[in-house]
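Participant: One letter stands for each residue in the lines below.
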Amino acid sequence: MKSIIVKNVSKKYKQAQALDNISVVVEKGEIFGLIGPDGAGKTSLMRILSTLILPTSGEAYLEGLNCARDYKKIRKIIGYMPGKFSLYHDLSVEENLNFFASVFGTTVRENYDLVKLIYAQIEPFKKRRAGKLSGGMKQKLALSCALIHYPKVLILDEPTTGVDAVSRKEFWQILKTLKERGITILVSTPYMDEAELCDRVGLIQGGKMMSVNLPSEIIKEFHHELFALTSENNYRLMKHLKERTNPHDVQIFGQNIHLINRKAKLSIEVLKQDLINNGFPNISISKIQPGIEDCFIELMRGTSD
Amino acid sequence: MRKILFIIQKEFLQISRNRAMLPIIFAVPLIQLVILVHAATFEIKNIDIAVVDNDLSMMSNKLTDKFNHSAFFQLRNIVSDVNEAKRQLEMNEVEVFINIPANFEKKMIAQQKVEISVVVDAVNSRNAGLISGYIKEIIENYNKEIFVSLVSDITQNKKPAKILTNKSYWYNTQLNYKNFMVPGILVILVTLIGVFLSAMNIVREKEIGTIEQLNVTPLGKFQFIIGKLVPFMVIGLLEFSIGLLIGKFAFQIPIVGSLFLLYGVLIIFLFTLLAVGFLISTLNNTQQQALLVAYFFMMLFLLMSGLFTPIDSIPEWARILNKINPVAYFLKINRMIILKGSVLTDIFKDVMSLFVLGIIILNLAVFRYKKTV
Numbered sequence: 001m002k003s004i005i006v007k008n009v010s011k012k013y014k015q016a017q018a019l020d021n022i023s024v025v026v027e028k029g030e031i032f033g034l035i036g037p038d039g040a041g042k043t044s045l046m047r048i049l050s051t052l053i054l055p056t057s058g059e060a061y062l063e064g065l066n067c068a069r070d071y072k073k074i075r076k077i078i079g080y081m082p083g084k085f086s087l088y089h090d091l092s093v094e095e096n097l098n099f100f101a102s103v104f105g106t107t108v109r110e111n112y113d114l115v116k117l118i119y120a121q122i123e124p125f126k127k128r129r130a131g132k133l134s135g136g137m138k139q140k141l142a143l144s145c146a147l148i149h150y151p152k153v154l155i156l157d158e159p160t161t162g163v164d165a166v167s168r169k170e171f172w173q174i175l176k177t178l179k180e181r182g183i184t185i186l187v188s189t190p191y192m193d194e195a196e197l198c199d200r201v202g203l204i205q206g207g208k209m210m211s212v213n214l215p216s217e218i219i220k221e222f223h224h225e226l227f228a229l230t231s232e233n234n235y236r237l238m239k240h241l242k243e244r245t246n247p248h249d250v251q252i253f254g255q256n257i258h259l260i261n262r263k264a265k266l267s268i269e270v271l272k273q274d275l276i277n278n279g280f281p282n283i284s285i286s287k288i289q290p291g292i293e294d295c296f297i298e299l300m301r302g303t304s305d
Numbered sequence: 001m002r003k004i005l006f007i008i009q010k011e012f013l014q015i016s017r018n019r020a021m022l023p024i025i026f027a028v029p030l031i032q033l034v035i036l037v038h039a040a041t042f043e044i045k046n047i048d049i050a051v052v053d054n055d056l057s058m059m060s061n062k063l064t065d066k067f068n069h070s071a072f073f074q075l076r077n078i079v080s081d082v083n084e085a086k087r088q089l090e091m092n093e094v095e096v097f098i099n100i101p102a103n104f105e106k107k108m109i110a111q112q113k114v115e116i117s118v119v120v121d122a123v124n125s126r127n128a129g130l131i132s133g134y135i136k137e138i139i140e141n142y143n144k145e146i147f148v149s150l151v152s153d154i155t156q157n158k159k160p161a162k163i164l165t166n167k168s169y170w171y172n173t174q175l176n177y178k179n180f181m182v183p184g185i186l187v188i189l190v191t192l193i194g195v196f197l198s199a200m201n202i203v204r205e206k207e208i209g210t211i212e213q214l215n216v217t218p219l220g221k222f223q224f225i226i227g228k229l230v231p232f233m234v235i236g237l238l239e240f241s242i243g244l245l246i247g248k249f250a251f252q253i254p255i256v257g258s259l260f261l262l263y264g265v266l267i268i269f270l271f272t273l274l275a276v277g278f279l280i281s282t283l284n285n286t287q288q289q290a291l292l293v294a295y296f297f298m299m300l301f302l303l304m305s306g307l308f309t310p311i312d313s314i315p316e317w318a319r320i321l322n323k324i325n326p327v328a329y330f331l332k333i334n335r336m337i338i339l340k341g342s343v344l345t346d347i348f349k350d351v352m353s354l355f356v357l358g359i360i361i362l363n364l365a366v367f368r369y370k371k372t373v
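Listed in order, the protein sequences are those of chains A and B.
Going by the working numbering, 21 is the number at position 21 of the first sequence; the sequence numbering is gapless.
Going by the working numbering, 347 is the number at position 347 of the second sequence; the sequence numbering is gapless.
Pulled out of the complex, with its shape left as it was, chain B reads as follows (with noise of 0.2 Å):
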């Protein structure tokens, strides 16, 4: 036991002397929580619409107006040539335009059907999507008013029968963007921490051969494993920490559930990431080549873990393979702790995926390990 406490002593020594690593372990994740929850937003505002009327009647204008004051949309341009607004689409000067046809109010007010044509530059295409989303929404309740004024205008005292839907958001209440973004982002940030500086540090006893120094002493496998680990463990936690406090000050960010749960999750996380980052050292010889692999782990369980786009909306194949991504299962238990609120029995079935994998990811390690070395 004295021992571990030695290995420990030396590694907090190692990272206090390395004067690049220090900087990459606090203020880098720091600054990258504070820019990439602002910039990656996938609200888009302000986008450039033009209008193409063929109309020019009073309902026309009316819907024209709606964009105007919309916040998600800048209307740049209002012509009475399609073509004009091709153009404007191909130029980059719009991202997308709308072509209200001839005819439109005497089609509306004989209540017949009438097409709006919206074309929408869908180089992004997820862009795209959001886009004609919000354009859909605003043309319906144009409709729906329409509609009222046109019926109304009738028979005065008879309210005709229309449904509302009555949206409420749950859990974050004002769809504030952040709320959903910090704690991914922290995700990403212990993620990175516990695999790379794990897969490096032993790599790099391997690399200057202390490890057969150490190999050759009464020192047990055991005791240099957790040595290794408990460093790393603590960074993590403190990492995360110093996040979560400025998601909570500077982001307002609530955090609903119990924080014993969640800290007791994030140190199953970290084990399993650390058992990572330890076969990664044991697979390569040197820092580069570990580096390498572990580059390509983390943009698979990043890109997988459903941190930018919906679990749901992948293919099932990649579904199944993200049973074995440790952030994925992390990533849903953090939002739900930090948003939800959600109690143990709530994760239950991902934190017993998250530890298990994580047993079985170290003893694969450890297997690794006492092959080679």
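Here chain A stands alone, though its shape is the one from the complex (with noise of 0.2 Å):
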């Protein structure tokens, strides 16, 4: 059963493409991911799915409903939340919560055991100023007034951003519990970490999908042999390391400097000898398995050469 289906979807703004001939779909009740840096198009794409905003060509359907014509039907059935918390500041946690349940014409009572799970944990903060909420306490919120409704699909844009490591882990564990009651939810995340932890994935950059796959064939896609470096002097390392190979075929990783060796098979043992040589005594080199994280940058290297 096709949940979401975007059919070469473009929208042109007065300057700027913003998505360019896009085409996806997305399962009932998965968890897709929509990554890609800033201005990639992934806010344009769930607007236009929240019926925002209109495709300037193509169509795009939301549970069988035309996303430009069945708007007023599809807004009964999404629950949609901004990357922007966009709830009202001076009402408390639980009147916001009354408010959106009222405006879907439903009561909070109706759907508690679903918001439940989520509300439950700021509910001891229900009389307090929802702006006076911490980031993790407003995502919460806002999770809780889009979900109030039993929406079929929920359209998160950027959700984890500005959220505490702790506060993030909650938030998909909730995403998870979601997910099991059948609900599709479609989730837009600047972090690749986060990535494997949706069911599927979509590379977007420059308004175009990349890919479209499950993350661990995306990890699979990758060929290449790959090193992590360390040494003392990471900065000189990463330096010298440019210079011998093609710059993109190295990145820092926190403390690790990751090769992409595209040529013969390299023995570490020789590059090891190699970098000593050069001035580097306390390399540590080893062979590594590629993250996500390698794999979409490698995917988005691809297309900026």
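Distance condition first, Cα-Cα at most 25 Å in a straight line; then the derived SDA-like pairs of lysine to any residue:
1. K84/A - L291/B
2. K3/B - S102/A
3. K220/A - V25/A
4. K3/B - G105/A
5. K206/B - I53/A
6. K86/B - R76/B
Calculated directly from the structure, the hints in this document are not laboratory data.
Since each chain comes alone in its own frame, lean on the hints to assemble the complex.
Facilitator: Next up, the structure:
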């Protein structure tokens, strides 16, 4: 069963081409991640699906309803959470929830078992003004408000941006339980590590859908050797490696430098000796399995060249 | 329908939460009413005057006395040198001086023409006009008396023919300035509330992003607009009522006309104002922008409305422009109902114009709103 169907959708603003002929299908009850850098077109796509803007060309369907024509019906079955916290700051947690419930023609009590999971965590603060909540609590309140009418499709635009690591983890936990209830979730994120938590991910860049796949498949598509290197002076090492190889083949990953070998097989020993000779006596090198982040950088590199 | 009620409930909740807004809505306008009615008076009293008396006769004395006894004038000096009077005018010691020529009495008795020059500080041109008007009236009065006494000296039994002007001021018998001002200022207050609050409120939803959150709900645009307009309508009505009560009891304004009619027109007026505010909100994205634009329209509306200047004296093109000024209509209607007791047939044309104007502005706003959001 298909929940979201996007067919050759393009969106052109006055100057920029935000979406360029995008097609994607999301299955029912799936967590689909839209991954891409800022300005890739994630928000534009989500706003089209949320019936906030119209595509310049192409068509989009949600639960069999056309996003342009049947917007009234769609609005009853989707929950949308924009990237920016957009609830009433001067209303309390409880009042916000009640208000959005009433706008959807329902009550908090009616769907309480669905929101309970999340709302229970912020209920102790229900008298507090929404504007005075912490970032993580704001997200939970926003999600509660988006869920209050038991939507069939949940569209979340960068829900974990600006949220601490613990809250992010909790948030993804919640998404998993919502999925079990049969809710289709379309979520965008700039964090690569969250991609692995999705059922499928779409990599979007420059308004184009680069790749749509299971996170594990995306890793399998990485065919090169990958090394993690570290020395006492990573900056100098980075510079040195960039001069020796294609500059796109090296990336800094926290404490390590990842080196992608696109050429013939490379032995660690040879590489190590070479670097020691070049003034990196304490170099440590290991061959590693690529993470999803390596794959995305590799995919993005393919387009920017 | 129930959804509209929820929006209205939410609006009132938010208004009651806003600690900065509440005093602005209720206290400020009332303070303005009390202060403005006293301060924004067009009457001028205690005008400092100097008299240059080159004649020093009984008759010139009598004329000087007239000024001394007038409530409008404060006789500062009687000088004999015109240059001294000029100096005083330049130094702002007096606002006006009159120059009584030599041989004033002689010429008067000989029934010759005498010219008295009046020099007014015309930095404030309207004041200058009023002052010269007052002076003219005093001199004419004096002239009449002198004429009568002169004539009656000569022919004791023959009364001279003279024209008496008998003035009577209708609808404001005592020419009470406050009667004129209170209804006018009430209109300003309602205008302020109507335009500013509605414009700012909707732009605020845009700024915070809540409007987008509402747009993905089944809440219709019509429901949203009605839910927004009703609370401000209620506040506007409340505001006007408080002001009217103050006018009635603190300033003893006679309310001659039908209150029912007055409130009926007020609702149409508020509706037009809210539409203006709503239109402004669709044209702007931040509260700052909206505030400045609203301010611009407020100034135009108020200054052209006839509150401070009679509409009849403004140029033709401005009068045409005033056809789209809701404040001008309501100011006129409001005064007519309160002071004159006009009934619907008297004001029908203006009420209809106001109503049509409101419908047009609202449609523009709805059109813009649908296009942008």
